[in-house]
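Protein chains in written order, with this note's numbering: chain B, 1 to 111; chain L, 1 to 112.
In short, the hints are calculated from the structure, not lab data.
Just so we're clear, the structure is a prediction, and the values are computed from it rather than from any experiment.
Note that the Cβ used here is the ideal one computed from N, Cα and C, for glycine as well.
Some hints here could point you the wrong way.
[To be verified] Now the stretches of chain L that chain B is said to cover, found in silico as 3 or more residues with beta-carbon under 8 Å:
#1 71-79
#2 99-110
[Said to hold, decoys possible] Here are the simulated DSS-like pairs of lysine-lysine, each with C-alpha atoms no more than 30 Å apart in a straight line:
#3 B:Lys42 - B:Lys98
#4 L:Lys80 - B:Lys57
#5 B:Lys69 - B:Lys98
#6 B:Lys59 - B:Lys78
#7 L:Lys79 - B:Lys98
#8 B:Lys98 - B:Lys59
#9 B:Lys69 - B:Lys42
#10 B:Lys42 - B:Lys59
#11 B:Lys58 - B:Lys98
#12 B:Lys58 - L:Lys80
#13 B:Lys57 - B:Lys98
#14 L:Lys79 - B:Lys78
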Amino acid sequence: ILNVEQSPQSLHVQEGDSTNFTCSFPSSNFYALHWYRWETAKSPEALFVTTLNGDEKKKGRISATLNTKEGYSYLYIKGSQPEDSATYLCALPQGAQKLVFGQGTRLTINP
Amino acid sequence: SQTIHQWPATLVQPVGSPLSLECTVEGTSNPNLYWYRQAAGRGLQLLFYSVGIGQISSEVPQNLSASRPQDRQFILSSKKLLLSDSGFYLCALERQRQETQYFGPGTRLLVL
């Protein structure tokens, strides 16, 4: 069973500060890594899919990096805003049809 | 683009009662379909997935079952609900060979 771990479990950040959190995974047989944002009372929304070691994806103030050799990905948020409050999930494919999700990092931005 | 419908949005059911949650999709053909559950304080757990009509793979042995009677319809059922079945149920689709999954609005189930 593929083990996907996220840390920290929860995070409180002051509005305007930058923050980052981690997704760790087995480095062998890597194919792709997905990041999702899940706001309260909504459904998870896809942010990025990264496949190449060293690749960086960016969407506005949010970016993700990938290190497939050591088995981790960082998600960065620059200048946090209240609307960034959400649970951030990472997921990796297992087999041809499934995604295995981490437990998520719950981010709260304090105004 | 695809659209995922789930109903009902919220459901309160007594222990031992049956359950039927429906998910229908639009805007795509022959998708992979998924049922996930988030229990209180826990992560997203894959329950079932389907790669085609009548094809169901179960991830976690439990008192739930799933069916896919049509290409764009995925149903989650139970004959007798348990307290531990409470949670937020999400239907998701993945277009063939796309890997990114798109989620429906979810059904919040409370078993009392």
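These are the hints, each one checked on the structure:
Counting residues of the stretch 71-79 of chain L whose CB lies closer than 8 Å to any CB of chain B gives 0, so the stated coverage by that chain is violated, three being the minimum. Beta-carbon proximity to chain B at under 8 Å applies to 8 residues in the stretch 99-110 of chain L; the threshold of 3 is reached and the given coverage holds. Between Lys42 (chain B) and Lys98 (chain B), the direct Cα distance comes to roughly 22 Å. Compliance with the 30 Å bound is thereby established for this hinted pair. For the suggested pair Lys80 (chain L) and Lys57 (chain B), the alpha carbons sit about 45 Å apart, so the restraint of at most 30 Å is broken.
Between Lys69 (chain B) and Lys98 (chain B), the direct Cα distance comes to roughly 22 Å. Compliance with the 30 Å bound is thereby established for this hinted pair. With a C-alpha separation of about 11 Å, the suggested pairing of Lys59 (chain B) with Lys78 (chain B) holds against the 30 Å cut-off. Note on Lys79 (chain L) and Lys98 (chain B): the hinted pairing holds, with a Cα-Cα distance of about 26 Å set against a maximum of 30 Å. The hinted pair formed by Lys98 (chain B) and Lys59 (chain B) meets the criterion: a straight-line CA distance of about 25 Å does not exceed 30 Å.
Restraint check: the Cα-Cα separation between Lys69 (chain B) and Lys42 (chain B) comes to about 34 Å, which exceeds 30 Å; the hinted pair is violated. Simply put, Lys42 (chain B) and Lys59 (chain B) have alpha-carbon atoms about 20 Å apart, close enough for the 30 Å limit, and the pair holds. With a CA separation close to 25 Å, the supplied pair Lys58 (chain B) and Lys98 (chain B) stays within the 30 Å bound. Distance hint between Lys58 (chain B) and Lys80 (chain L) is unfulfilled; the C-alpha atoms sit about 46 Å from each other, more than 30 Å.
A threshold of 30 Å between alpha carbons decides the hint, and for Lys57 (chain B) with Lys98 (chain B) the separation of about 23 Å falls inside it, so the pair holds. Using a Cα cut-off of 30 Å, the hinted pair Lys79 (chain L) and Lys78 (chain B) is violated, with the two alpha carbons roughly 48 Å apart.
Checked against the numbered hints listed earlier, the structure breaks hints 1, 4, 9, 12 and 14; every other hint is satisfied.
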